[in-house]
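**Student:** Given next are the chains, with one letter for each unit.
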Amino acid sequence: MLHEYRGHQVDVNPEGFLTNANEWSPDVAEALAEEAGIQLTPEHWKVITFCREDAAKEGQPPGLRRISKLSGVDTKALYRLFPKGPGKLASKIAGLPKPQGCI
Amino acid sequence: MTTAVLDTAALDTPTPVAPATKAPIEHIAIICSKGTLDMAYPGLILANAARMSGIEATLFFTFWGLDIVTSKTVDHLHVATVGNPSMHVPTMIGGLPGMEAVATSMMRKEMEKLDIPDVREMIEMLADSGAHLYACRMAMDMFKRTEDDLLPQVEGVISAMDFFDKAAGAQIIFI
Chain G
1092 MLHEYRGHQV DVNPEGFLTN ANEWSPDVAE ALAEEAGIQL TPEHWKVITF
1142 CREDAAKEGQ PPGLRRISKL SGVDTKALYR LFPKGPGKLA SKIAGLPKPQ
1192 GCI
Chain Z
18 MTTAVLDTAA LDTPTPVAPA TKAPIEHIAI ICSKGTLDMA YPGLILANAA
68 RMSGIEATLF FTFWGLDIVT SKTVDHLHVA TVGNPSMHVP TMIGGLPGME
118 AVATSMMRKE MEKLDIPDVR EMIEMLADSG AHLYACRMAM DMFKRTEDDL
168 LPQVEGVISA MDFFDKAAGA QIIFI
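Those sequence lines, one after another, are chains G and Z. With the first sequence counted from 1, adding 1091 to any position gets you this note's numbering. With the second sequence counted from 1, adding 17 to any position gets you this note's numbering.
Hints are computed from structural coordinates only; laboratory data are not their basis. Remember, it's a predicted structure, so these values are computed and weren't measured experimentally. Some hints could be false.
Stated by the list, open to error - Residues from chain Z shown here face chain G by an in silico Cβ test under 8 Å; the list is partial:
(1) I62
(2) A66
(3) V106
(4) M142
(5) S146
(6) G147
Heads up, the beta-carbon is just placed ideally off N, CA and C, and yes, glycines get one too.
Based on the provided sequences and hints, a complete structural model is requested.
**Tutor:** As structure tokens, then:
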């Protein structure tokens, strides 16, 4: 279904994840974050950028452990940045699908 | 004389059913009572998945589950090859010397392939994620362990009644 974020029309699934990562833009990320009660900081952007780059390379969104190992933002910080669940939210705000792993 | 007539029309009309409300889970409390490797992971992975989704997680380690948070045993948990029907080996064979070690190293390798950390790292990850870990006082007394024997991530040694207080509002899972 289509949803408008700051003038950008994007297609989202019922859980609110973008179905096409190419429709994502930093503006959309800000709006998605706002929806989750998050004001994006440079630290958030570090995570979002890592997630998008990693997903482009690997073909799937990174799990939380992968983010904590490779992005330079550790587990504790990830939970501070995305208190309502970094596993889902980091991917969602980065315009990626919901990660399939449990770790 | 009037005969009571069964009003079939009323029966045919479906009774309105309130739509099932799907309240999101906000807190899970997991009781880990087993200390084998194959029984340790499910609770830890579930708790981690809960935290990743923003669900509060409380873990209570009791009976043999204490081994999961005991410094000396955490790196040496074994897969049970006897009395474990999912092993698909006859019990008599499962009991042969070395079988447990083989099964354990196989499971460790498979977990590694899936990029699932060892139990010690899982516990660290859970504590970092804000999950709450508690050891059972009665089990501690039974196995003659002190707080010094436990991993630093364990927040406290509490009674079962304390656990239920901490699990207020949670969905409780027993493993």
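**Student:** If a hint holds in the structure, say so; if it doesn't, say that too.
**Tutor:** Hint check:
no.	hint	verdict
1	I62	5 Å, holds
2	A66	4 Å, holds
3	V106	27 Å, violated
4	M142	6 Å, holds
5	S146	6 Å, holds
6	G147	6 Å, holds
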